[in-house]
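So you can see what is in the structure, the chains are spelled out below.
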Amino acid sequence: MKAVREVLSGTKSLLVGMRLTLREFFKPTITVQYPHQTLPMPERFRGHIELRRDPETGKALCTACKLCERACPSDCILVDGVKLEGEKKKSVTDYHLNFTQCSLCGACIEACPSDAIQFTKRYNLASQTNDYRNMDLVQRFKDQPEKK
Amino acid sequence: MIAPKESTAGTPSNETFTLNLGPQHPATHGVLRVKLTMDGEYITRAEPVPGYIHRMHEKMGENRTWAQYLPNTSRVDYLSAMTYTHAYVGAVERALKLEVPLRAEFIRVITSELNRISSHLVGWGAFVMDLGGFTPILYAFDDREKILDLLEAVTGSRLTYCYYRFGGVVADVDTAFLEGCKAFVKHMRPRLDFYRALVTDNIILRKRLEGIGMVSAEMCRRYGACGPVLRGSDVAYDVRKNEPYSIYNQFDFDIPHYPQGDSMARYNVRMDEIEQSLRIIDQAVAKIPEGPIMGKVPRVLKLPVGDFCYATEAARGRLLVRVSSDGKDTPYRVRLRTPCFCNLSLFEEASKGMLLPDAIAFMGSLDLVIPDIDR
Ligand code: SF4
Ligand code: SF4
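Those sequence lines, one after another, are chains E and D.
If you read the first sequence in my numbering, its first letter stands for residue 1, the second for the next number, and so on.
If you read the second sequence in my numbering, its first letter stands for residue 1, the second for the next number, and so on.
Everything labelled a hint here was simulated from the structure, so no lab data went into it.
All C-beta atoms, glycine included, are put in the ideal place defined by N, C-alpha and C.
Just to be clear, a hint being listed does not mean it is correct.
Short derived list, chain E residues pointing at chain D, Cβ under 10 Å [claimed, not checked]:
#	residue
1	PRO42
2	GLU43
3	PHE45
4	GLU50
5	SER103
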């Protein structure tokens with residue numbers, strides 16, 4: 001008697017499971033065919049940092065004050081700058097980021113008094129070389145076309 | 001059916017052998033090693049050997065400023081990062097007597113509860129996968145994805161949020177997020193019924209969990225076990241109710257608890273907690289006030305000399321952060337009392353005489369996160 005009941009309840013469980021699974025089967029697929037398709041990154045997505053441009057002068061906003069360097073918990077940032085003739089503030093000459101240690105916490109961005117850095121939306125960053133150990137953000141900044 | 005009660009484990013023959021479960025075993029969810037002394041299929045001794053993913057999070061606190069420790073907090077239990085950051089900022093806020101604006105507290109509650117649901121969904125999916133049912137984890141991840149999308153839009157990150165700051169939260173939420181929360185609550189309730197029909201009522205699951213992995217309230221007390229493990233042993237202890245922090249006392253929710261003390265009870269506690277978290281989110285989204293999201297915070301943080309504690313209910317139990325300050329701008333000591341460490345401690349005693357597959361199920365019901373044990 002007990003065995004019969006167990007078989008019955010087992011079959012019922014199975015049928016219920018099958019029914020629910022089958023119902024899911026006919027739902028529309030939501031798979032995104034990465035890498036042929038990608039989803040848009042949200043506004044606040046935290047990729048590695050980059051230098052921001054002053055929309056008026058086209059130069060980097062960074063004044064090499066080194067506050068971000070000090071705020072970073074993982075010591076990933078190295079900044080240097082020079083004082084150019086006729087300018088009130090320093091301009092950045094070197095901005096190196098060791099992205100392999102960056103935890104994308106945003107402390108640097110929050111620390112910056114001139115709003116000179118921002119997160120990128122890059123995420124396809126797998127690499128077989130040491131590229132990200134020493135990213136030259138000033139060079140990257142120069143290579144980027146000015147946005148109008 | 002073989003009843004574990006009739007095991008020969010009490011009188012081990014001299015033919016025991018040692019079996020390593022982990023550190024690379026899928027059922028140990030990461031890198032936990034359990035040294036099993038087996039008598040046939042029965043466990044005579046299960047000795048957990050943690051330490052394979054030790055990253056010195058407590059020590060790291062001593063060589064960085066108070067604010068620089070924030071990213072660490074989301075990397076201890078990476079599945080419920082919000083509650084960990086909450087405990088740490090709470091301890092510092094308590095020391096500095098900082099006021100947190102009401103809107104920020106609401107945001108904290110909403111994001112913490114979302115995080116709890118996503119954590120339970122992973123726990124649920126992985127647990128069922130340990131038992132051999134692969135499909136449910138895909139459903140769980142589908143629903144969890146909705147939470148991650150919501151949180152990503154607000155925090156910029158999908159797992160290690162680092163979203164709370166001393167005195168508030170770093171970025172405000174928008175109406176899209178609040179609408180998204182409402183839509184999620186609406187979506188999730190029928191999904192819970194679906195989960196119940198598909199998995200909870202399934203006879204195979206019940207046979208594998210009911211009456212297995214008995215943990216008594218007394219054992220929980222001896223080992224300091226907490227969270228769903230404790231509540232599965234009929235102790236309705238939840239930090240959110242018993243020592244309310246933040247604004248949890250403004251919400252109406254229950255503490256699910258089950259008297260059986262077996263794996264099924266712990267499973268049921270988690271499923272019911274998802275329901276309760278949805279209730280909290282529902283109320284919080286309806287009541288969230290307008291206002292600032294950051295209180296007044298001094299530019300350079302220097303804590304007064306002393307010890308400061310703050311406990312939160314993380315997804316896996318009571319998390320206590322204790323910070324000691326000697327008046328400098330770095331902590332003197334950061335201590336994390338994490339739930340999984342205590343929950344793992346009782347494994348050795350409770351798994352004595354169990355069949356190996358039952359022990360795997362039992363371990364799954366403890367819902368361990370290994371970085372939380374090692375930290
Ligand atoms: S995001 Fe954090 S870890 Fe990364 S560079 Fe900025 S401060 Fe350093
Ligand atoms: S804090 Fe801002 S301005 Fe100062 S060095 Fe860093 S990026 Fe430049």
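Next on the checklist: Does the closest beta carbon of chain D sit nearer than 10 Å to the beta carbon of PRO42 of chain E?
Outcome noted: holds (4 Å)
Checklist entry - Under the criterion of a CB-CB separation shorter than 10 Å, is GLU50 of chain E in contact with chain D as hinted? => result violated (15 Å)
Next on the checklist: Hint PHE45 of chain E vs chain D: min CB-CB distance below 10 Å?
Outcome noted: holds (5 Å)
Next on the checklist: Does SER103 of chain E hold up as a contact with chain D if the rule is Cβ-Cβ below 10 Å?
Outcome noted: holds (5 Å)
Checklist entry - Does the CB of GLU43 of chain E sit less than 10 Å away from some CB of chain D? => result holds (7 Å)
Comparing the model with each numbered hint stated earlier shows that hint 4 is the single one that does not hold.
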